[in-house]
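S.K.: The listed protein sequences derive, respectively, from chains W and L. Under the numbering used here, the first residue of the first sequence is numbered 1, with each subsequent residue one higher. Under the numbering used here, the first residue of the second sequence is numbered 1, with each subsequent residue one higher.
For the record, the hints were derived by calculation from the structure and aren't laboratory data. Please note that the accuracy of each hint is not assured.
Which chain L residues face chain W? A few, computed with CB under 10 Å, are given here [what the hints assert, rightly or not]:
id, residue
1, Leu84
2, Arg207
3, Thr230
4, Ala250
Source: prediction; values computed, not measured. Note that CB positions come from ideal geometry on N, CA and C, so glycine has one too.
Protein chains: 2
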Amino acid sequence: MSGQLFLSEIREQPDALRRLLEHRSEFTSVGRALADRAPGFVRLIGHGSSDNSAVYAVYAFGLLTGWTTLRDSISLTVYYEAKLDFAGSAVVALSQSGATPDVVEYVRRARARGALTMGITNEPGSELADAAEVVLPLMAGPERAVAATKTYVNELAAIALLSGSAAGRGDEIAEQLSRTADLMEETVDPLERQVRAVAVPFSYVGRMFVIGRGLEFATAGEIALKLTETCQVMAEPLTATAFAHGPVAALDPLFPVWTIASRDESLPAVIDAAAKVRDAGGMLVASGSAAGEIVGADYVLPVPEAPASVLSPLLSVLPGQLLSGALARAKGLDPDRPQGLSKITRAA
Amino acid sequence: MSGQLFLSEIREQPDALRRLLEHRSEFTSVGRALADRAPGFVRLIGHGSSDNSAVYAVYAFGLLTGWTTLRDSISLTVYYEAKLDFAGSAVVALSQSGATPDVVEYVRRARARGALTMGITNEPGSELADAAEVVLPLMAGPERAVAATKTYVNELAAIALLSGSAAGRGDEIAEQLSRTADLMEETVDPLERQVRAVAVPFSYVGRMFVIGRGLEFATAGEIALKLTETCQVMAEPLTATAFAHGPVAALDPLFPVWTIASRDESLPAVIDAAAKVRDAGGMLVASGSAAGEIVGADYVLPVPEAPASVLSPLLSVLPGQLLSGALARAKGLDPDRPQGLSKITRAA
Chain W
1 MSGQLFLSEI REQPDALRRL LEHRSEFTSV GRALADRAPG FVRLIGHGSS
51 DNSAVYAVYA FGLLTGWTTL RDSISLTVYY EAKLDFAGSA VVALSQSGAT
101 PDVVEYVRRA RARGALTMGI TNEPGSELAD AAEVVLPLMA GPERAVAATK
151 TYVNELAAIA LLSGSAAGRG DEIAEQLSRT ADLMEETVDP LERQVRAVAV
201 PFSYVGRMFV IGRGLEFATA GEIALKLTET CQVMAEPLTA TAFAHGPVAA
251 LDPLFPVWTI ASRDESLPAV IDAAAKVRDA GGMLVASGSA AGEIVGADYV
301 LPVPEAPASV LSPLLSVLPG QLLSGALARA KGLDPDRPQG LSKITRAA
Chain L
1 MSGQLFLSEI REQPDALRRL LEHRSEFTSV GRALADRAPG FVRLIGHGSS
51 DNSAVYAVYA FGLLTGWTTL RDSISLTVYY EAKLDFAGSA VVALSQSGAT
101 PDVVEYVRRA RARGALTMGI TNEPGSELAD AAEVVLPLMA GPERAVAATK
151 TYVNELAAIA LLSGSAAGRG DEIAEQLSRT ADLMEETVDP LERQVRAVAV
201 PFSYVGRMFV IGRGLEFATA GEIALKLTET CQVMAEPLTA TAFAHGPVAA
251 LDPLFPVWTI ASRDESLPAV IDAAAKVRDA GGMLVASGSA AGEIVGADYV
301 LPVPEAPASV LSPLLSVLPG QLLSGALARA KGLDPDRPQG LSKITRAA
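Pulled out of the complex, with its shape left as it was, chain W reads as follows (with noise of 0.2 Å):
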């Protein structure tokens, strides 16, 4: 069957987690290290999932440590080479295979320059792992189906214990790790019987928004990635502000919003943006802990509250990840195998 890899890994998860949480204590060292270093500020790096990642890095050490983080442009370093102070700064570049070439040599010049470098990867004899001071290990095992979802959930695993590590609750963070683990285990079955449902009237949709606010805006560009690289799907992930500020205009009753719904200090924007949807007459799909609280949704895809708000993206992708399978399969596409992509994008 067609698709077996993407679904072995997703349900693969939860032990994927299990396996990075026997390694915390590498985790609760740097965290200290960083910590100990002070950094003015915290550059993220990487492509595809792994920026979905660094999304949820900005958020995650903004909450935990109060740094501020951004996703780094890399062209600016790399191709433009404008001379940046990297001085005083810490760099994370996320890379499953450790051989995306711009995000080594990004590594390489921050460096040279004075940042403390660290690359979180799932090969540890990578070019990125030789080229960066620190490397913290991803843990997830092989993962080989082309559209990432193991190397995702363990990419923000890996980002909430360092970014906890630095603010001293790394131990805090490890133990609730490990129950969103069990959630998850929890929720893969019923959640997959679900996603059929949503899978076959879904079958003639070329284009979707993909709304999520905060921390789950990085769920929502990782649920837009997996649609459009595995289904053929147009997804755009928006937040709930960016949507409110042009592409609402674009609504029309056969285009499909997907709002992804956690109780936190987001939630009151993605009710709004969803009550917009219902407005326009489009088509509305609510996930996540607080999909419940979506009026009149026409397809609800709830998870599991999450130990701690700042894990919640943990669960909330699952949805994603089961539609996307589902839905790959009902328009005789292979999720294993998308067209035009392969495993280690080499593209500049």
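Go by the hints and put chain L onto chain W.
M.R.: Then chain L, alone, in the frame of chain W:
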């Protein structure tokens, strides 16, 4: 005729830019004060078109001053109430109306925590002007069309003047901007004729990717936003690299991709992305000063080369603005009044 306001404001852009240049001394003195303060980094905030201007600022400040510049998260400070350290950083808030509530609230909090706050707005009597320590005028004149055009171009120019002045190059940038206004004036008429030929075959296009890199990623965002809000096309901006990391898999022969090619360090990546589009059989639009380098484009919308490559986005946006107007009319839509939008978005 519908779209009169939108088109007349596009045509007014060279004059609006010249009005701003009359106020260059204000930018020079604020730029100098900023350089004296030597901020650790610069935080940009804005929604919609102003967020695209913020993307431009990351590159303009990076290239001209070498300062790390980020599009900051409004939600982290305003909704999550994260305790970020604002001392030592500078804030540039962009808002045409000066009335966007969460932008104003962010500025108040950043200022209270020690940031040097600057507001760039078309409304000197606005709440933003009141909240920020320093106010710089946009001088675009009243913007009556809902979709922003001249305020976007003047925001780019304001950022170029400010970052250029901070780098001690304010006079040079002002002179180059003045020549850019002349080039813009010469370009509008011939370009308006050219976009008509593209508007008709695009009448049935529902989705599109707009690809830019580096400085021109701002242009990709702004062209995509214009097409989305005025033409109900779902247009998603992507960097050349992000495109290759997933969305390329969604292409088919009916899926147009717009590439923005300028003659700078970002060009090879854009040429590479265009080749991927051709391989996938997608319809290809090439715009920008190096549009001629995109081999096999179905439609070419060239603009003149800007007097300095850092100013190229002021000209590169023109084909997208003009096509949005022409395409909206071809589809029977009124670009002056997109459905579901109002001039000031009060959404949180």
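S.K.: A separate judgement is required for each hint: does it hold in the structure or not?
M.R.: Hints versus structure:
1. The restraint placing Leu84 (chain L) at the interface with chain W holds, with a minimum CB-CB distance near 6 Å, inside the 10 Å limit.
2. For the restraint placing Arg207 (chain L) at the interface with chain W, the shortest Cβ-Cβ distance is roughly 5 Å, inside the 10 Å limit, so the hint holds.
3. The interface hint given for Thr230 (chain L) is met, as the beta carbon of that residue sits about 8 Å from the closest beta carbon of chain W, less than 10 Å.
4. Using the Cβ-Cβ criterion of 10 Å, the hint placing Ala250 (chain L) at the interface with chain W is satisfied: the shortest such distance is roughly 5 Å.
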